[in-house]
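Undergrad: Given next are the chains, with one letter for each unit.
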Amino acid sequence: MLLKYLFAKNENIPAGSAAVFFGFSSIIWFMIGTGLGSFNAAKLAFPDFVTGVEMFAFGHMRQVHVLAVIFGWISMAFAMAMMYITPVLGNTRLWSEKLGLWNCFMWNVALSLGLTLMWTGITSGREYSDFPWPLDLAVAAFITIPLAVNVWMTILKRRTQGIYTTNWFFAASTFMLIIVFLVGNLPEYFHLTGLTEAYMTWWFAHNVLGLWITPVAAAIAYYVIPKVTGNPLYSHRIGHLHFWSIVVFYSTPAAHHLMSAPLPEWLKSFASVEGVLILVPAIAFVSNILLTMQGKWNMFVENLEVRFTVVGVLLAIPLNMQGGFQQTRSINWYVHGTAWMVAHAHLALLGFSTFLEAAAVYLGLQTLMKRKLYSLTLGNLHFWLLLIGFSIYWISMTMAGLIQGAGKIYEVPYIDVVIAEHPYMIARWLGGTMVFSSTIIWLFNMWMTARAGTEVPVGRMPHELAYER
Amino acid sequence: MRFREYKFGSRAFGAAFGLSMSITLLFPSFDLAASVSSEAGLEKQLSSGWDSGWQTKDFFMEGKNKPLKVLVKKDPKTGEALQQPVYAYVYPAGISLPNGVTHTANLGRGVEEMSVNEGRIKEARVENGAVFLIEKTDKLLTFEDKPLAYMVNATATKGWTPDDVLKQAADTDVFHVGAGKTMFVREGCWWCHTLLPEQTQDWQVFGAPPMLGDFNGESPTAFGSDRKGPDLLHVGSRNASREWMMLHFFNPRLVQPHSIMPRFDYLWGEKDADGKTIDYAKWRQEYDEYREGKLVSAPDVPMYAKDSEIRKLIDFIVNLK
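Protein sequence lines, in the order shown, are assigned to chains Z and H. Counting in the working numbering, the first sequence runs from 141 upward without gaps. Counting in the working numbering, the second sequence runs from -12 upward without gaps.
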């Protein structure tokens, strides 16, 4: 199917094809990424589980898990959301379905190749920008730039006068991603070394979260909640506040990731203050979406997409309360480098953002394929396995992190910390395995939706039809 | 339809984003560029070489294109015993030179001038190879009035060639620190072990946090962000036993029953130090029997071969002082 359309004329490709392929790709990468996560967690809980093979060593697989989830699941789900939502909000077609399909195809090829090489140990040795520089350039050329061009051109060719909030975020984030990606990898192209390299590594890691993952996930909520509930967005002004405070406050605290490195003290203090100001966009976003829900809270229970979105938005509250304050010197002193951070990272990517992306993929695939979700029961199972699995993971890692932090500041012999953390490592593995299982159910459900879902009549939205199973 | 109605918005966006880029990238770059390399920084970049991540000259990250750290006891030129043995950083012909030699500004003010004028590092050539030393001078003082270190190209100043230095050195005096750092990066040791004792604690157990000039020319720094094991920046000062390291890498639970570190036995390769094939299946079976109480002691860990990857990794770890 995909291969057939790659060489077809643009006007002969059915609208929404690129989004559908991105949607299914993202679910498959979610399955791969969480499968690797579950496997890695098993190795931390039971260190002699699959041993003595270089390819299955923890140090070879950890970064493959992280990048499969970020580039495969999250970013592809974003691409799906953009290819679906951007034209809809502009009352037009996607600028180029063909570019979108090539984008999806090359994305899968480049990511598979890159992750395979990384699995064998080929790495730049820089966290989150682990790909060596030729692969970085491939990511820019085949993934980020084509996606951005398609989004911008669709917005320019729109047939509405204004641009809706979601599309501001899409246009700005695709732009900022290109800049952040190219600039953040400068140390690799030009062999910058030492503290500059270390700082740029975290400059990239911070901004890829702050200017790509967080705003795009939020933009999805700005579309899904008004669209499905039928309520207009509570306040466009608060939307403005959210957008501008993301650009101004979220792009500056990169140095708070290296609070204990010998960076300039002014930079650390500045980053720390800006880091607390992350609460501005966070509060604007959460309050805007929750107030939009007024009068439609029944849909939180009844409708799957709304439930996923609102849970994602609610998880943004602990996420940003942690994020704003854990990077101040007094708290960072306690939790830096502990499992608390692992829990926080999963709260951001597996909690907050995954729930929002899942909502976009659920809604987008049903709308574009014009099929009602095959089974609400399986959808519910997916939701609860994901939520409970994530919660087990998050709570156990937070507790382990607090124990580790205490061990750190009281200078307890490290092995005693390892012993104390062991039960939480087992809990983490159980939670991660539940998340992995939920993705298999989801893939099956979406596949069956494509094959056997009830057709949605022309002019109707999927959420207007009753669930059948 | 154009962005007509968004003219102001897009300009404001450019200004805001540009300002944030200036504050977070441009301004810190002045401070970072002004850092003066410390002795630890010189040691790190001379022992690890050009780069320890992926590079075109080491496509599969096997530890190629790396210098050797050699303990020199006799003058390689005259054969006379040195009063005090010194460490030399040997770059055989064809091995890329470290960043501080190719871009001397990287060494920082003072150290750059001394290294270029007195140490003659600009005369080093990749085609011929070079031998470097770290020397101290009273002409440059730290803020505590201690002499500062600088790089010396011993090939130019003393006529020590890489071949001469390697010829007179016993194998036990040659340390594959640079190749070991590649192993450290490739095997992902830094996913669980930081190389960054924290400024606010860690002094008692993990030693002093690094200082500003300690990383000039090093790439990647592999600080790590998530501690699942102890910090390793000064591990060689706490435990310099190669025997302990050997047992621990082969199976960490031989020396620390509660460890969750993976086994790195595969870094031994196929043959041991005597050239005999290592029977991993037999070893694991005997180890399992030992754990079940059927054997009184754990099977012996094979002695690694001289050119094995584990030797390089242990060289790097023990060198972390």
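Fair warning: there could be bad hints in the mix.
What the hints assert, rightly or not - Below, in silico cross-link-like pairs of lysine to aspartate or glutamate (EDC-like), each with a Cα-Cα straight-line distance of 20 Å or less:
#1 Lys293(H) to Asp158(H)
#2 Lys60(H) to Asp151(H)
#3 Lys133(H) to Asp151(H)
#4 Lys269(H) to Glu608(Z)
#5 Lys258(H) to Glu194(Z)
#6 Lys269(H) to Glu194(Z)
#7 Lys293(H) to Asp266(H)
#8 Lys133(H) to Glu105(H)
#9 Lys269(H) to Asp294(H)
These are calculated hints, taken from the structure and not from any lab test.
Undergrad: Does each hint hold? Answer for all of them.
TA: To see whether the hints hold, each was checked on the structure:
1. Lys293(H) to Asp158(H): holds, 8 Å
2. Lys60(H) to Asp151(H): Holds - the C-alpha atoms of Asp151(H) and Lys60(H) are around 12 Å apart, at most 20 Å.
3. Lys133(H) to Asp151(H): violated, 33 Å
4. Lys269(H) to Glu608(Z): Distance ~58 Å between Lys269(H) and Glu608(Z) Cα, so the pair is violated.
5. Lys258(H) to Glu194(Z): holds, 16 Å
6. Lys269(H) to Glu194(Z): holds, 18 Å
7. Lys293(H) to Asp266(H): Given pair Lys293(H), Asp266(H) holds - Cα atoms ~18 Å apart, limit 20 Å.
8. Lys133(H) to Glu105(H): Holds, at about 19 Å.
9. Lys269(H) to Asp294(H): It is violated: about 23 Å lies between the C-alpha atoms, which goes past 20 Å.
Violated hints, in rising order: 3, 4 and 9; the structure is consistent with all others.
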